[in-house]
Amino acid sequence: MTEHDVDKEYWRWDEYHWKDPDRNWKDAKIISAGVDVGSVSSQAAILTDGELFATANMRTGHNSPDSARRVMNWALEGAEDMTLDDIHYIVGTGYGRLKVPFANKAVTEIACHARGANFMYGPTVRTVMDMGGQDLKVIKCDERGKVLNFMMNEKCAAGTGRGMEVIADILRVPIKEIGDLSMQIDEEPPPISNICVLFAKTEVMGMLYEKMPVNVILAAYATAMADRVSAQVKEAGVEKDFVITGGIAKNRGVVERLERILGVKSLKTHVDYQIAGALGAALFGKVLYEKSLKK
Amino acid sequence: MPHILINGQEVIAEEHKTVLDAALKAGIYIPHLCFHIGLSSTKSLQPNQSIYHGGTQIRNDSEDQYPGCNLCLVEVEGMDGYYQSCALYVKDGMKVFTMTELVMEKRKQNLTLLLKKHPHACIQCDQAQGCDRKLCSMEVPEKARCCWKFGNCELQKVAEFIGLEQGTGYTFPEDFPIIEDNPLFSVNYCLCVGCLRCVIACRNAAERETMGFVRKDGRYIVGTCAPGFKESKCRFCLVCVEVCPTGALRDTDTSKKKSKIRLSISPSIFPPEKDESMPLDKANLTNVPGIEGVYQLYDKEKNVLKIVGVENLKEILSAELGNTVDAAYFSYEENQMYTTRERQLLQQYMKKHGDFPPGNREMDELFS
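Protein chains in written order, with my numbering: chain A, 7 to 301; chain R, 36 to 403.
Treat the hints with caution; some may be incorrect.
30 Å max Cα-Cα, derived DSSO-like pairs, lysine-lysine [stated by the list, open to error]: (1) R/291 with A/240; (2) R/152 with R/268; (3) A/207 with R/178; (4) A/246 with R/152; (5) R/184 with A/240; (6) A/146 with R/291; (7) R/143 with R/309; (8) R/151 with R/251; (9) R/141 with R/130; (10) R/387 with A/240; (11) R/337 with A/240; (12) A/152 with R/387.
If you're looking for bench data, these hints aren't it; they were derived computationally from the structure.
So here's chain R without its partners, still in its complex pose (with noise of 0.2 Å):
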């Protein structure tokens, strides 16, 4: 078996892989939105004739096959230029970099490029977080916002984790429909940004060609074969919905069917969050200031264990050393408006966890 090196950590990849495949299998993250882990890659796809939103027919222009996300970029120890890790196989030996100037920058300008006609206020607003999405201080125009699927999206995480260029403005999306003809999900064309993952996975897992794309004027567009997707054969498996990276494809509310092929399905790799969390001991909290802030608390497992904002972060903390007994990590940010942050930092872990952390949860024994 061949054995690489992913930025100097070496990897023990299977014959015939592809470095993204390898990589991504070992826990390390490369950035990519057209390969969907388990499904055959989508780059090269033959575009449909025509394809159809709807009751709308779209014709196909272009010869060309389908170029890839071109996100998955990494550099080859002796190689020159960049390669899309999703094309480049293994080789025993070979010494891959993935996170170096020139692929992070390739990165953002490919990246901004797919964005071009999907909203992204979510990723560009500096008032992303705690933005309830329904009504703007910022001047963002309604239809640049951002969808239901806002801080979970996959699009948004790695756009968070690729960056995008400056300067990239916000842009409209094209007057797409939305269908909704049947009662299991729906689609907003809108949101697609052409990866194709729906149309492999349409493919290689509901063994259907219900979805296809064409290349009109220099963009990819996914849409089904036939007007409706009854006419285009389709099972109803909903894989599409389960891989699709954007808020285009989604269940109805409802629904969340569960088909045998959808939970065949391995999920998404997500980009890694960002961890700043250390170590609760003495040398960690020497570092400490002493100011407003919010600290979390997480157990050896890094589960968030109790998020609290305090007037000090310094003498609060050192409280927490050895008085909370499963903390053995914690984080902080300074802010003066502790209190609000506290709220907003809670509420994201609700939407996430359903509940409050377990540290938070000490009013629960007053109502019993």
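Only chain A is shown next, with the shape it has when bound in the complex (with noise of 0.2 Å):
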């Protein structure tokens, strides 16, 4: 190990911005934007007459107005010439929606989540169970997208995406690698017993000790958050069709054995998985243009 190792970022997660290259942004009628600023991510989503055309993805800072700012500003870039003043309507949503200074509207991430979900996975999905940085949240929705119920915790990062970047972290392998590297098991070994991030962060540093490979660590982490994130799930029901959002859902080792001991697959696409809350409030935002142009 060198030297510069230890200063690696391993929780680093890839931030990006895309844009569907076949969209013209002018020929829309109605362009709508939502930015969902999460306690650990930050997204943006900007829809042409409904239809996704922008995205943004990158890491929170300390300042919410200022990670609004940013993340619009990225997607904003990736956009070709477009600017905040093209954009007709612009929702705020996620942990810090009411620090998103240029939105004219703040809505809960909680409708955000069942609407973006809705459009993702389309009107079968019943149970969205958000997998974040710092909360789980169950939802279920009907075949509009509009929520019925919804459970969460966010008491204890415990299970969550902010989790898994400390374990990447101890362990010195980069996040993105986490899920295929924790299926390269033989066997399953049993689940970490604790799952609190700061006694699991010692439990970690013990097996390191011990010399146990690291992908069977990681599995021993992997199957103790799908363990507590099904029990979750479980009590609020899972109705088909279940899909996952969330950073988390990009890591197959997780998903895999919660899909395993639910019993259930969930549901997958090709839009990125942590921009369901943003796209919900693009969503929302179309419709709110809408209104305020009857008036």
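Mind docking these for me? Both chains are given alone in their own frames, and the hints should help you get the complex.
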């Protein structure tokens, strides 16, 4: 190991922006946007006439208004020469939804996640499990993406994206590789007993000290996480179709184990799983703008 | 009819009734567990020779009568000490006090004794609000946590009302069995606090003696008079489930049978919820700080209209004045994590009412 390795940030996931190359925003009648300022990551989604045009996904900084501005600017940067003024309606959502200074309205992320998932996966979605940076939500919705019920845990970062970042750092495994690596095992190890991020850290260090292979430790952590979140989904009731959103949805080590425990496969989509909240916000933005025109 | 004063409030009681009965009927709450409104008192019931937990027989080892839960204590002017209001009969001109320092302290002690073998992390834990019961970051052992009734539990509310003695710590329930011998309900004897409500309900309302109790090693243990419910001549009316103040007796998920007998039972009287609301007017708004927090609006009947987390309580609440038509009262709490707290309160509301508060349903119209 070189001196340099110590400073490497293994938790760092890819920040990116994207634009649909086949759409020209200047043809659009309505341009709406959603900004989801979460505790760990922030996303922006821009829609042209209700279709996804551009997105951006970044880490949330210490200052929410700044995070909102940064992620919106980055989405715009990718979106040819579009500026903030070209957008007709912007909805803020997420933990920092009231700190989106340029938003026309703030909408709770529960509503936005359900609406976004409905768009991403289709009208058959009934259960959305959002595995966010610092909380877990299980949302039940109808065929329009309207929330029927929700349940969440937010007292504890155990089993959330932030917990996974901490583990990535201790084990020096880039976060993107954790899912695959945790599946490369001959036999499932018992789950680690502490999923509390603080205690898990100590336990994982102990395992490292005992020379346990990294893939086995990751499998043990992923299983513990799947166990924990499965209990919560079960309590809310898993109604099909079932989907997982949020950063952890990109970790097949957790997703596949969770599916195994629940006995249900989750639907997949090509749209970024982390974008659901921002996308839902942008979809609400479109309807809100249309309503404002009628007045 | 006897006129009595309870905490200075005049109450016209029925003859030959207890102070507890009179107070509850007048809407004055006195904590109680072993008494259920409409049923006779459990105090002084004689224990059975033996009872069963499924196949296990448990024998009585004492002739002591049931002493009652000892939570309904009150003081009476001109009489020394304190009294169980469930055994104190009304007398014209009686002056009763239900919230004196003495009775509040005694209740605390007695409740702590009652909870000695009942898991009560749900009452003790600082993180109980928002807990999902699945995983604990406070290192509370699983067996000492709470049960399915969390948030809806009469015992929990009573305990919150009375409070526990300092340093009560966590306790582990005894290794009693869970009986699931019929499709309608189950009994988890680990969660029973021995209040005998089910025993008296079975006798009074169902006119059976399916449930009984013994005293063993100083504890009151409830069970069936024969190994199974059917053999114990249970008529499966489920009054016992209806009156149980804990999670011990439980409808099966598929059932929730409502028999005529069950429907004839008055619902349990829970402690009053803490009411922190105040009229929504200019005078009250002047005291609201201009900082982050969550506020709630209520209508005239104090039904929740809206739960909102905001950056500036004073500013947004002032804007609500006259803007939200039905709003008559409001309450607020300061909280920097206002969006999180808002969701927590919304979740609790939804659990109770099955939908968002009316003022939080604004998104509904975007779905037509």
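Here's how the hints hold up against the structure:
no.	hint	result
1	R/291 with A/240	holds, 20 Å
2	R/152 with R/268	holds, 29 Å
3	A/207 with R/178	holds, 24 Å
4	A/246 with R/152	violated, 41 Å
5	R/184 with A/240	holds, 16 Å
6	A/146 with R/291	holds, 23 Å
7	R/143 with R/309	holds, 19 Å
8	R/151 with R/251	holds, 15 Å
9	R/141 with R/130	holds, 20 Å
10	R/387 with A/240	holds, 19 Å
11	R/337 with A/240	violated, 34 Å
12	A/152 with R/387	holds, 19 Å
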